[in-house]
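Participant: All chains, please: the whole structure from these sequences, using the hints.
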Amino acid sequence: MKYIILFLTLFVSPVYSHEMTPTYPVFDQSYVSGLSKTSVKLFNRRDDVRFYKIDVYDKEWNKVQFATENRLVIVNYLETKTIDIYVRNRDRIKIEFICTESKLVKGEVKSTGVSSRICSRIKRD
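Counting from 213, one number per residue, gives the positions in the sequence shown under our numbering.
Rather than coming from a laboratory, the hints here were simulated on the basis of the structure. Mixed in with the good hints there might be a few duds.
[Unchecked claim] For lysine-lysine, the following DSS-like pairs were computed, each having C-alpha atoms within a straight-line distance of at most 27 Å:
(1) LYS335 / LYS265
(2) LYS318 / LYS271
(3) LYS275 / LYS306
[What the hints assert, rightly or not] Okay, the calculated beta carbon distance ranges per label pair:
(4) SER327 / LYS271: 18 to 26 Å
(5) SER245 / TYR289: 34 to 42 Å
(6) ARG283 / LYS306: 17 to 25 Å
(7) ASN301 / SER327: 31 to 39 Å
(8) VAL326 / ARG302: 16 to 24 Å
(9) CYS331 / ILE286: 16 to 24 Å
(10) LEU290 / ASP270: 31 to 39 Å
(11) CYS331 / ASP260: 19 to 27 Å
Glycine included, each C-beta is placed from N, C-alpha and C at the ideal position.
Facilitator: As structure tokens, this is what we get:
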């Protein structure tokens with residue numbers, strides 16, 4: 213009986229996450245010489261999360277250096293925020309993924325306490 217209740221609790225409760233678009237971002241030349249730029253939009257569907265961390269990875273999931281206004285972005289519930297990401301032109305060919313990960317504040321975890329991570333794959337020319 214307890215396994216049935218556990219199953220129903222885990223699989224019947226709604227799952228909320230965040231969204232990141234575009235699915236396949238494209239890097240273009242930036243206004244700064246030697247840098248490429250792309251933009252992603254982050255939409256927060258979780259009322260228990262406000263902080264999102266941004267990371268850039270290569271094919272083997274190694275972190276690639278990048279610049280943005282803030283690596284930890286505050287996005288309120290049902291809000292959309294546009295994030296500009298800058299990379300060196302020589303690193304542009306290595307980049308495979310741009311990821312955002314929800315960050316839970318220790319004292320503010322309301323329900324599941326589950327962090328979500330969403331990645332977009334870079335579109336090649």
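Participant: All hints are to be evaluated individually against the structure, with a verdict given for each.
Facilitator: Do the hints match the structure? See the list:
1. A C-alpha spacing of about 21 Å is found between LYS335 and LYS265, which places the hinted pair at or below 27 Å, so the restraint holds.
2. For a cut-off of 27 Å, the pair hint linking LYS318 to LYS271 is broken: about 32 Å separates their Cα positions.
3. Of the supplied pair hints, the one linking LYS275 and LYS306 holds, its CA atoms being roughly 10 Å apart against a limit of 27 Å.
4. Judged by the Cβ atoms, the range 18 to 26 Å given for SER327 and LYS271 holds: they are separated by roughly 23 Å.
5. At about 39 Å, the CB distance of SER245 to TYR289 agrees with the hint of 34 to 42 Å.
6. Checked against the hint of 17 to 25 Å, the C-beta distance between ARG283 and LYS306 comes to roughly 19 Å, which is consistent with it.
7. For ASN301 paired with SER327, a C-beta distance near 33 Å keeps the hint of 31 to 39 Å intact.
8. For the pair VAL326 and ARG302, the supplied restraint of 16 to 24 Å is violated, since their beta-carbon distance comes to about 37 Å.
9. One distance hint, 16 to 24 Å for the beta-carbon pair CYS331 and ILE286, holds here, with the actual separation near 20 Å.
10. With their beta carbons about 33 Å apart, LEU290 and ASP270 fall inside the hinted range of 31 to 39 Å.
11. The hint said 19 to 27 Å for the Cβ distance between CYS331 and ASP260, and at roughly 21 Å that hint holds.
Violated hints, listed in ascending order, are 2 and 8; each of the other numbered hints is respected by the structure.
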